[in-house]
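Produce the entire structure from the sequences given, and follow the hints as far as they go.
Protein chains: 2
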Amino acid sequence: MFGARFLARALRSCSSAPCPGHRPPARLSVRDALGAQSTSGERVKVQGWIRSVRSQKEVLFLHINDGSSLESLQVVADSSFDNRELAFGSSVEVQGQLVKSPSKKQNMELKAEKIEVVGNCDATAFPFKYKERHPLEYLRQYPHLRCRTNALGSILRVRSEATAAIHSFFKDNGFVHIHTPIITSNDCEGAGELFQVEPSSKIKMPEENFFNVPAFLTVSGQLHLEVMSGAFTQVFTFGPTFRAENSQSRRHLAEFYMVEAEISFVESLQDLMQWGVDLHTEHEKYLVKHCGNIPVFVINYPLALKPFYMRDNEDGPQHTVAAVDLLVPGVGELFGGSLREERYHFLEQRLARSGLTETYQWYLDLRRFGSVPHGGFGMGFERYLQCILGIDNIKDVIPFPRFTHSCIL
Amino acid sequence: MFGARFLARALRSCSSAPCPGHRPPARLSVRDALGAQSTSGERVKVQGWIRSVRSQKEVLFLHINDGSSLESLQVVADSSFDNRELAFGSSVEVQGQLVKSPSKKQNMELKAEKIEVVGNCDATAFPFKYKERHPLEYLRQYPHLRCRTNALGSILRVRSEATAAIHSFFKDNGFVHIHTPIITSNDCEGAGELFQVEPSSKIKMPEENFFNVPAFLTVSGQLHLEVMSGAFTQVFTFGPTFRAENSQSRRHLAEFYMVEAEISFVESLQDLMQWGVDLHTEHEKYLVKHCGNIPVFVINYPLALKPFYMRDNEDGPQHTVAAVDLLVPGVGELFGGSLREERYHFLEQRLARSGLTETYQWYLDLRRFGSVPHGGFGMGFERYLQCILGIDNIKDVIPFPRFTHSCIL
Numbered sequence: 001m002f003g004a005r006f007l008a009r010a011l012r013s014c015s016s017a018p019c020p021g022h023r024p025p026a027r028l029s030v031r032d033a034l035g036a037q038s039t040s041g042e043r044v045k046v047q048g049w050i051r052s053v054r055s056q057k058e059v060l061f062l063h064i065n066d067g068s069s070l071e072s073l074q075v076v077a078d079s080s081f082d083n084r085e086l087a088f089g090s091s092v093e094v095q096g097q098l099v100k101s102p103s104k105k106q107n108m109e110l111k112a113e114k115i116e117v118v119g120n121c122d123a124t125a126f127p128f129k130y131k132e133r134h135p136l137e138y139l140r141q142y143p144h145l146r147c148r149t150n151a152l153g154s155i156l157r158v159r160s161e162a163t164a165a166i167h168s169f170f171k172d173n174g175f176v177h178i179h180t181p182i183i184t185s186n187d188c189e190g191a192g193e194l195f196q197v198e199p200s201s202k203i204k205m206p207e208e209n210f211f212n213v214p215a216f217l218t219v220s221g222q223l224h225l226e227v228m229s230g231a232f233t234q235v236f237t238f239g240p241t242f243r244a245e246n247s248q249s250r251r252h253l254a255e256f257y258m259v260e261a262e263i264s265f266v267e268s269l270q271d272l273m274q275w276g277v278d279l280h281t282e283h284e285k286y287l288v289k290h291c292g293n294i295p296v297f298v299i300n301y302p303l304a305l306k307p308f309y310m311r312d313n314e315d316g317p318q319h320t321v322a323a324v325d326l327l328v329p330g331v332g333e334l335f336g337g338s339l340r341e342e343r344y345h346f347l348e349q350r351l352a353r354s355g356l357t358e359t360y361q362w363y364l365d366l367r368r369f370g371s372v373p374h375g376g377f378g379m380g381f382e383r384y385l386q387c388i389l390g391i392d393n394i395k396d397v398i399p400f401p402r403f404t405h406s407c408i409l
Numbered sequence: 001m002f003g004a005r006f007l008a009r010a011l012r013s014c015s016s017a018p019c020p021g022h023r024p025p026a027r028l029s030v031r032d033a034l035g036a037q038s039t040s041g042e043r044v045k046v047q048g049w050i051r052s053v054r055s056q057k058e059v060l061f062l063h064i065n066d067g068s069s070l071e072s073l074q075v076v077a078d079s080s081f082d083n084r085e086l087a088f089g090s091s092v093e094v095q096g097q098l099v100k101s102p103s104k105k106q107n108m109e110l111k112a113e114k115i116e117v118v119g120n121c122d123a124t125a126f127p128f129k130y131k132e133r134h135p136l137e138y139l140r141q142y143p144h145l146r147c148r149t150n151a152l153g154s155i156l157r158v159r160s161e162a163t164a165a166i167h168s169f170f171k172d173n174g175f176v177h178i179h180t181p182i183i184t185s186n187d188c189e190g191a192g193e194l195f196q197v198e199p200s201s202k203i204k205m206p207e208e209n210f211f212n213v214p215a216f217l218t219v220s221g222q223l224h225l226e227v228m229s230g231a232f233t234q235v236f237t238f239g240p241t242f243r244a245e246n247s248q249s250r251r252h253l254a255e256f257y258m259v260e261a262e263i264s265f266v267e268s269l270q271d272l273m274q275w276g277v278d279l280h281t282e283h284e285k286y287l288v289k290h291c292g293n294i295p296v297f298v299i300n301y302p303l304a305l306k307p308f309y310m311r312d313n314e315d316g317p318q319h320t321v322a323a324v325d326l327l328v329p330g331v332g333e334l335f336g337g338s339l340r341e342e343r344y345h346f347l348e349q350r351l352a353r354s355g356l357t358e359t360y361q362w363y364l365d366l367r368r369f370g371s372v373p374h375g376g377f378g379m380g381f382e383r384y385l386q387c388i389l390g391i392d393n394i395k396d397v398i399p400f401p402r403f404t405h406s407c408i409l
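Sequences listed follow chains F and W, in order. The opening residue of the first sequence carries number 1 in UniProt numbering; numbering runs sequentially from there. The opening residue of the second sequence carries number 1 in UniProt numbering; numbering runs sequentially from there.
Any given hint could turn out to be false.
Where chains are identical, the list cannot tell them apart; a pair therefore holds if satisfied intra-copy or between any two copies.
[Said to hold, decoys possible] Computed list of lysine-lysine pairs in DSBU-like fashion (alpha-carbon distance at most 35 Å, straight line):
id, residue 1, residue 2
1, Lys171, Lys306
2, Lys105, Lys306
3, Lys171, Lys57
4, Lys131, Lys306
5, Lys171, Lys114
6, Lys100, Lys111
7, Lys306, Lys100
8, Lys306, Lys111
9, Lys131, Lys111
10, Lys171, Lys111
11, Lys131, Lys171
12, Lys129, Lys45
13, Lys57, Lys306
14, Lys306, Lys104
None of these hints come from the bench; they were simulated from the model.
Structural data, given as structure tokens:
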């Protein structure tokens, strides 16, 4: 045992501090290996998980995936390398030469000189079977393993790219990113079930609050963004929001992500829907084709139905507020926005009628000290992903879905 | 009243759909106005808040800031524009010509042709006074207004830039971004006070759990990242984490942000500290100069002190685990990382000894199905900001600080 360990360590230190005369092979991701334009005959090292094994009389074919791309790298080895441990799901390190593939199926392939099994995969217990395409419902039972499938792997890579794109887009357009708080003493929407937060040791004595006041998980960063748009003009946040709704629908989660933006010196709903129009155009073709239906902007909701902060349209008996929702077939409300009531006296009256003047004194302050017309919107990130990917159930576009009766892992 | 509203609407529609013969002035941010290289004599529009007013016999000087930069734009106007409403903190819209400034203090200035006060500022009630530099402690009382000061404005712009840089850095290095869950049924650290989560209407009947199991706010995304590094090899998360610690110190918050990364096929702590070394080098000069001290990596902690997931060093009577912390003068622990125990039987024994085998069956699964040596680290984002900005109190580097007895807004 000691000998084996000693040897393993010697090999390990040899690979991190190269032995004289031996250049260690360059480590490549599967994506980089597949995308290589030419090869200088150098040895490379690729690490990943076996997606398929095909054993022929003289040649062994493996497909290796490391999550860097949907496509796997074909490894071609002498059949003498074959052994039982080279099985679906096992992790391996392969060293060899990256060469042009003679097949049209792939650009490059790896001619193996050394194959090491890093970790076995217990095939009888592994819930995914070789060559089987499991339904998304089945995969949902295994939140710790489903990311290894083509379907979830691809969805989560798109989610990661979309996350990066959202940050870049707002940055490039001069928006300041704000981490709006997760724990808050406000209830922005004034409706819907909230999650309350208390230290676990104190949860049985709710009369004592850790924060001195009852504290909840945020349902929206809007009011906090309004604080910030009064300083930075254009701000955005992209973070988790929460609803304690007793819903098992394919469109609701207890924990989901929102992209929210707030813009000062905005005077019409059109200024917010211009933002929306991009999305509209982008999706219209897809939606028209697949759903026989199109996204719809709904504007100017009755004042009585909407929260106190929406701007009064002063349109007589209709009495509406400057609100807009973007409804998308199959997904429902994707986007909601409004102009905010920036006029001190209008807001003061609305708050007084709801008995909220004291609670929202700070919010009134924003209208006392250099108020500006402003507005903003929020977009449900998971619904956006459902929309662009055509995924029916919201639980399949988030890594670890949380909903009523379920908080696995 | 109707007439005024009608006029206001007509003017508004005139500015959004230009009247024939009049091109509306281009809207410029203060930053873009200050950075303009040349002017073609076109009229521009700048919107923002007044930072200073200086009235001379024939000329009025205003400084306008919109949060796009630390520097304000100087507006030069005929003294006939002067009026009481042009005061510190008021919001204004200025139209005019952007011209080279004769003064060396600034590159460009705005020759005003039209100045409109958008929103007054009640100077007697406004907690910040003209030309006064308020201490950070004082500003902390006004979380809804302090972002309008030079100090907080600058800090939050750096925070926004650092956020964008973190996303770019990991993306450029082939990491997949993962939204690890905020609500979780796991307790990663096995220590420290957790926040428990329940729907607010049910918080008085804790025997009924919304999620069927007790649910907590995450203290780390590590275990969930380990799930993902088993599919994508290199993953990161950047989100809020929580500790219900009864601490009012200048280094602790109940809600703070962590950057966490997890990397598969990593076999030595050095592979993680390479990552750390960048940081070390970046800060060493500053820290040596300002603190007379240097950051220190502490490695290989006693097994008995550390959580079950850290890799056993098998080093005899010392019995340590492969853990590393980066301690930084003035800030304390900035960075913590470890190799994770990837060997099934080692982990199984550790979990069994703690009676956690059943709870962490899913975590053991990761070691049954293609396990790989892996490791990762977490960095406290606020402490990082304290470090690079030299800010003494952590409450000044986050927009809305949450700590014991305080959850303002």
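Tested hints:
1. In this assembly of identical chains, Lys171 and Lys306 lie within 35 Å of each other by CA distance solely inside one copy; the values are 31 Å within and 40 Å between copies.
2. With identical chains, the CA atoms of Lys105 and Lys306 are never at most 35 Å apart, being 56 Å at best within one copy and 49 Å at best between copies.
3. Proximity of Lys171 and Lys57 under a CA criterion of 35 Å is satisfied in neither setting, with 57 Å inside one chain copy and 42 Å between copies.
4. For a Cα distance limit of 35 Å, the shortest separation of Lys131 from Lys306 qualifies neither inside one copy, at 52 Å, nor across copies, at 41 Å.
5. Taking the closest pair of Cα atoms, Lys171 and Lys114 come within 35 Å of each other only across two copies (31 Å); inside a single copy the shortest separation is 46 Å, beyond that limit.
6. When the C-alpha separation of Lys100 and Lys111 is checked against a cutoff of 35 Å, the pair qualifies only within one copy, where the shortest distance is 10 Å, while the shortest distance between copies is 65 Å.
7. Taking the shortest Cα distances, Lys306 and Lys100 never come within 35 Å of each other, neither inside one copy (62 Å) nor across copies (48 Å).
8. With identical chains, the CA atoms of Lys306 and Lys111 are never at most 35 Å apart, being 65 Å at best within one copy and 43 Å at best between copies.
9. For a Cα distance limit of 35 Å, the shortest separation of Lys131 from Lys111 inside one copy, 24 Å, qualifies, whereas the shortest one across copies, 71 Å, does not.
10. Proximity of Lys171 and Lys111 under a CA criterion of 35 Å is satisfied inter-copy only: 29 Å between copies versus 44 Å inside one chain copy.
11. Taking identical chains as interchangeable, the C-alpha atoms of Lys131 and Lys171 lie at most 35 Å apart only when they sit on different chains, with a minimum of 31 Å there against 43 Å within one chain.
12. In this homomeric assembly, Lys129 and Lys45 come within 35 Å of each other (Cα to Cα) only inside a single copy, at 27 Å, whereas the closest approach across copies is 64 Å.
13. For the homomeric pair Lys57 and Lys306, neither the shortest alpha-carbon distance inside one copy (72 Å) nor that between copies (51 Å) is at most 35 Å.
14. Proximity of Lys306 to Lys104 under the C-alpha cut-off of 35 Å is found in neither arrangement, the shortest distances being 59 Å within a copy and 52 Å between copies.
The structure does not agree with the numbered hints 2, 3, 4, 7, 8, 13 and 14 stated previously, though it agrees with the rest.
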